[in-house]
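Visitor: Chain residues, written in single-letter form:
Number of protein chains: 2
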Amino acid sequence: MESERETLQVWKERVEQELDRVVAFWVEHSHDQEHGGFFTCLGHDGKVFDDLKYVWLQARQVWMYCHLYRHFQRFHQSQLLDSAKAGGEFLLRCARVAPPGKKCAFVLTRDGRPSKVQRTIFSECFYTMAMNELWRVTGDVRYQNEAVGMMDEIVHWVREDPSGLGQPQLSGAPAAEPMAVPMMLLHLVQQLSEDDAELAGKYGELEDWCAHRILQHVQGGQVVLENVSVDGKELPGCLGRHQNPGHALEAGWFLLRYASRKEDPKLRAHIIDKFLLLPFHSGWDEEHGGLFYFKDADGLCPTQLEWDMKLWWPHCEAMVAFLMGYRDSGDPALLRLFDQVAEYTFRQFRDSERGEWFGYLNREGKVALTIKGGPFKGCFHVPRCLAMCEEMLSSLLSRVATDPDPSCSPSSVPARGGAK
Amino acid sequence: MESERETLQVWKERVEQELDRVVAFWVEHSHDQEHGGFFTCLGHDGKVFDDLKYVWLQARQVWMYCHLYRHFQRFHQSQLLDSAKAGGEFLLRCARVAPPGKKCAFVLTRDGRPSKVQRTIFSECFYTMAMNELWRVTGDVRYQNEAVGMMDEIVHWVREDPSGLGQPQLSGAPAAEPMAVPMMLLHLVQQLSEDDAELAGKYGELEDWCAHRILQHVQGGQVVLENVSVDGKELPGCLGRHQNPGHALEAGWFLLRYASRKEDPKLRAHIIDKFLLLPFHSGWDEEHGGLFYFKDADGLCPTQLEWDMKLWWPHCEAMVAFLMGYRDSGDPALLRLFDQVAEYTFRQFRDSERGEWFGYLNREGKVALTIKGGPFKGCFHVPRCLAMCEEMLSSLLSRVATDPDPSCSPSSVPARGGAK
Chain A
191 MESERETLQV WKERVEQELD RVVAFWVEHS HDQEHGGFFT CLGHDGKVFD
241 DLKYVWLQAR QVWMYCHLYR HFQRFHQSQL LDSAKAGGEF LLRCARVAPP
291 GKKCAFVLTR DGRPSKVQRT IFSECFYTMA MNELWRVTGD VRYQNEAVGM
341 MDEIVHWVRE DPSGLGQPQL SGAPAAEPMA VPMMLLHLVQ QLSEDDAELA
391 GKYGELEDWC AHRILQHVQG GQVVLENVSV DGKELPGCLG RHQNPGHALE
441 AGWFLLRYAS RKEDPKLRAH IIDKFLLLPF HSGWDEEHGG LFYFKDADGL
491 CPTQLEWDMK LWWPHCEAMV AFLMGYRDSG DPALLRLFDQ VAEYTFRQFR
541 DSERGEWFGY LNREGKVALT IKGGPFKGCF HVPRCLAMCE EMLSSLLSRV
591 ATDPDPSCSP SSVPARGGAK
Chain B
191 MESERETLQV WKERVEQELD RVVAFWVEHS HDQEHGGFFT CLGHDGKVFD
241 DLKYVWLQAR QVWMYCHLYR HFQRFHQSQL LDSAKAGGEF LLRCARVAPP
291 GKKCAFVLTR DGRPSKVQRT IFSECFYTMA MNELWRVTGD VRYQNEAVGM
341 MDEIVHWVRE DPSGLGQPQL SGAPAAEPMA VPMMLLHLVQ QLSEDDAELA
391 GKYGELEDWC AHRILQHVQG GQVVLENVSV DGKELPGCLG RHQNPGHALE
441 AGWFLLRYAS RKEDPKLRAH IIDKFLLLPF HSGWDEEHGG LFYFKDADGL
491 CPTQLEWDMK LWWPHCEAMV AFLMGYRDSG DPALLRLFDQ VAEYTFRQFR
541 DSERGEWFGY LNREGKVALT IKGGPFKGCF HVPRCLAMCE EMLSSLLSRV
591 ATDPDPSCSP SSVPARGGAK
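Chains as they are written, first to last, in the numbering used here: chain A, 191 to 610; chain B, 191 to 610.
Errors might be hidden in some of the hints.
No distinction is drawn between identical chains; accordingly, a pair holds when it is met within one copy or between any pair of copies.
[Said to hold, decoys possible] With a Cα cut of at most 30 Å, we get these calculated DSSO-like pairs of lysine-lysine:
1) LYS237 to LYS275
2) LYS423 to LYS306
3) LYS423 to LYS237
4) LYS392 to LYS456
5) LYS237 to LYS556
Because the hints were derived from the structure by calculation, they are not lab data.
The following block holds chain A by itself, in its conformation from the complex (with noise of 0.2 Å):
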């Protein structure tokens, strides 16, 4: 009891500080004053050292510029407020390619002409949840409409049809399901219906949806594989073998906080077990720490290049994964397994120097990219992850203060905003 409480207040005052610079590092040196939106090719300096504007990155800082605003008293500040607004008028002005059609850019140049798209649904994704957490602290009803309008359509490419993607049918494309698709609906969801009873009825069954349809990845009790056909039922091959340990642990947190406004303590202790437990046993790598970037369910060696490097974001995962399994079990093992994860991820991740966390190092942990910012990294994972931690952490903190015993009488429904 003793060492949980030391162990919460140690990583409470870790991660507090860590935020503060990591927040520091992309306010210095990521602003575009010129055009509105981020610049994210940041060199380990902060340097830019490319000028494209990747609309996953734009939005996602957008997002967390604005969380971090909401939640937090020492962010409430204007500087972080008038740059997600910019960076969000970036966006309404050029995601789009072809308004009033709704499909978004994946890159666009500086000053915001489109330069490739993608035949999927995450740009749209991550635009939605930017406008969704503007209108939150802005008020301001045309970015809860762009929101609101855009769900209804990625709703309806999932769902009804996705011919607007773009993509080709063919009649040897396997009817595959990647979990990320009702993933970021889950978490569109989510977003969408906190403190909102209105969307929160419109997407009830959507919501139920997306956790059945995530519930199915789990493969005879034993592993989590990254795509299953519509049905739920194993493909053949490389396909249908693929595990991504990183993402399933993402899927965890999730279904966690599925489970918590379910009020659903046998469908927690599922989660725990299959999205948590599961992903990590098979994910880690014994011999040198950290988790694998992709594994293959039979044992067999993946043919992506990378599946054995160490990515940032799988640990930031992972830390939020197993703190808010802790926070809603009161399973002491857990917080011990988020104690490791975070021990490894701040030695090996951090950039003590220079601020923010390289992204990807070699199978033992030697930085095998000195960038900080790149296509896919941008103020996002690390400072979520960090964030959220440290909400949590508070959060018990506090119950312990005013609880002699948290770890026995968990909260089913997480407590909010402890960080405020």
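Keeping the supplied structure of chain A fixed, place chain B upon it in accordance with the hints.
Guide: Just chain B, lined up with the frame of chain A:
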């Protein structure tokens, strides 16, 4: 002189033995007796771990078998010819997504249904190579008609109207020319023009255009860039700074063949300087040996996760390029570089136990992926390199036998058929 002869003799024996072992591996493990075509997703022991058929690799293996059948007495076997024909028929039957349209799939299911389509010309280019080579060994005009018809379409897509490839026109897309496009076309012209005066005439202007466009990728005389504008200017950002040393070396030997045909020793010297020596010196890892996969022209960190890995194919291309450079120029420094690269390659990539080569090593030279074949590695770069080197080494050794000092009287037109 004596040491050069010794070097040639030693490598002739090593290369010849290795080619036998590599061909035996593919013959033993890759033939699909049921549908025709080849399994290329093979584990370290040759076991099939996925039965998808990548069109690049299907076509390359057809080409490779025909090339071996045509050029080497010991591979003039009905087993190779029959498998090549079965692969060719599989491609004729299944490669095109919507006949009579010429666009080919990127991946097919084992039984030939299209699974993915790329919006580029490369499946079609390898298809053309396969069909032309099949015609050369069988005399069946169906194959040659396919090759010439597909070539006309590829040239139309590249030089007149790319809309048939399905790429969206985006206002922010860089007007970049990847070096792969003129390289691939030059390679096809060389393939189709061999001993064919009519097609050599038809494609003469195209051949010059390709060489000119490839040569434009040398910037400031100091670096070969993968992407430049169509008028040969540097492009901004990571795309503009991207270097692929193995690709530049491959372009080098395509251009050396062009210079030989043009009997242009000044051009040959330029190619050796810019496409052989520059990429080698900027791409070679002085610390651990081997060629980096990617580099940034300004010495920044590339954003590709695999940038510092050592891949089999750049080393194959380097072996061919340096040996061809030596053969055509007589410069013993190029033979020493061939020897350096070939020593590293045979030591690090060869699997002396189960045959074929590993494809993917980490920076330090440790095997990172144990597969022998996968979505991008098939029966092509290794046997093509070994076959070309054996032919060149034979030709050089027979020149030594008849000429007391071959290094002072290089032939500007390469000797052919030495290994026949």
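Visitor: It remains to establish, for every hint, whether it holds in the given structure.
Guide: Do the hints match the structure? See the list:
Proximity of LYS237 and LYS275 under a CA criterion of 30 Å is satisfied intra-copy only: 23 Å inside one chain copy versus 55 Å between copies. Taking the shortest alpha-carbon separations for LYS423 and LYS306, only the inter-copy value of 21 Å comes in at or below 30 Å, while the best intra-copy value is 33 Å. Within a single copy, LYS423 and LYS237 get their C-alpha atoms only as close as 47 Å, which misses the 30 Å cut-off; across copies the closest is 24 Å, which meets it. Taking identical chains as interchangeable, the C-alpha atoms of LYS392 and LYS456 lie at most 30 Å apart only when both belong to the same chain, with a minimum of 26 Å there against 73 Å between chains.
Taking CA atoms no more than 30 Å apart as the test, LYS237 paired with LYS556 passes inside one copy only; the shortest distance there is 22 Å, against 33 Å between copies.
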